[in-house]
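**Student:** Residues per chain are reported as follows:
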Amino acid sequence: QKEVEQNSGPLSVPEGAIASLNCTYSDRGSQSFFWYRQYSGKSPELIMFIYSNGDKEDGRFTAQLNKASQYVSLLIRDSQPSDSATYLCAVPGSGGSYIPTFGRGTSLIVHP
Amino acid sequence: DVKVTQSSRYLVKRTGEKVFLECVQDMDHENMFWYRQDPGLGLRLIYFSYDVKMKEKGDIPEGYSVSREKKERFSLILESASTNQTSMYLCASSFGLEKLFFGSGTQLSVL
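Residue numbers (the numbering used here), protein chains in the order written: chain A, 20 to 131; chain B, 175 to 285.
Bear in mind the hints are in silico, worked out from the structure with no lab data behind them.
These numbers come from a predicted model, not from an experiment.
Where is the CB? At the ideal position from N, CA and C, for every residue including glycine.
Just so you know, not all the hints are guaranteed correct.
[What the hints assert, rightly or not] Label-pair distances were calculated between CB atoms; the ranges are:
| no. | chain 1 | residue 1 | chain 2 | residue 2 | range |
| --- | --- | --- | --- | --- | --- |
| 1 | B | K227 | A | I37 | 22 to 30 Å |
| 2 | A | N85 | B | S181 | 23 to 31 Å |
| 3 | B | E204 | A | G35 | 37 to 45 Å |
| 4 | A | D77 | B | T260 | 33 to 41 Å |
| 5 | B | L215 | A | D97 | 28 to 36 Å |
| 6 | B | G190 | A | G28 | 36 to 44 Å |
| 7 | B | E243 | A | G35 | 29 to 37 Å |
| 8 | A | N85 | B | G190 | 44 to 52 Å |
| 9 | A | D77 | B | S256 | 38 to 46 Å |
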């Protein structure tokens, strides 16, 4: 069974700092990875996805994938209090299954 | 704008009641999901449907059933609600292996 592991946190960073969120996965065959953000009391929404090794940047967000080490990370530059949320890492289904595997999420707190 | 709509945002039911949670998506997605989310436990899959009338059990199907009579609608049924089913219920849909679109969630309280 595929596993996706995340540190539950909370990760606390000061405003303006870089927040680094990490995720490891067990299935070496995983090809793509998603990062969802979930504000308290709200539903998850996709903020980043990455398919290939290396970095992918979108505004203040950078996703980094290292398939050899089986980890994917999300960096948030110039963190803002509005970034305070839980960040969920997910691996899509594989082997004929459309069921994704989610990590339990890392809680991020950005304090002014 | 894509939409997954859950019928109720908050719901309060009594122990033993039959509860229906409805979810409708307007994106013509084949895949639909029901999750529950509890503090510290993350998202747990209850049921998944990949086509009309087709379903698969997820990680925690006990005490739940589902119905998918039309492609756009996926219903979660609690046959006899119990207090340990108090939770946030999230419906989602997707196309193939693409991202999930989530509804706004239903916070169910069983008293």
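**Student:** Against which earlier hints does the structure fall short, listed by number upward?
**Tutor:** Hints 1, 2 and 7 not satisfied by this model.
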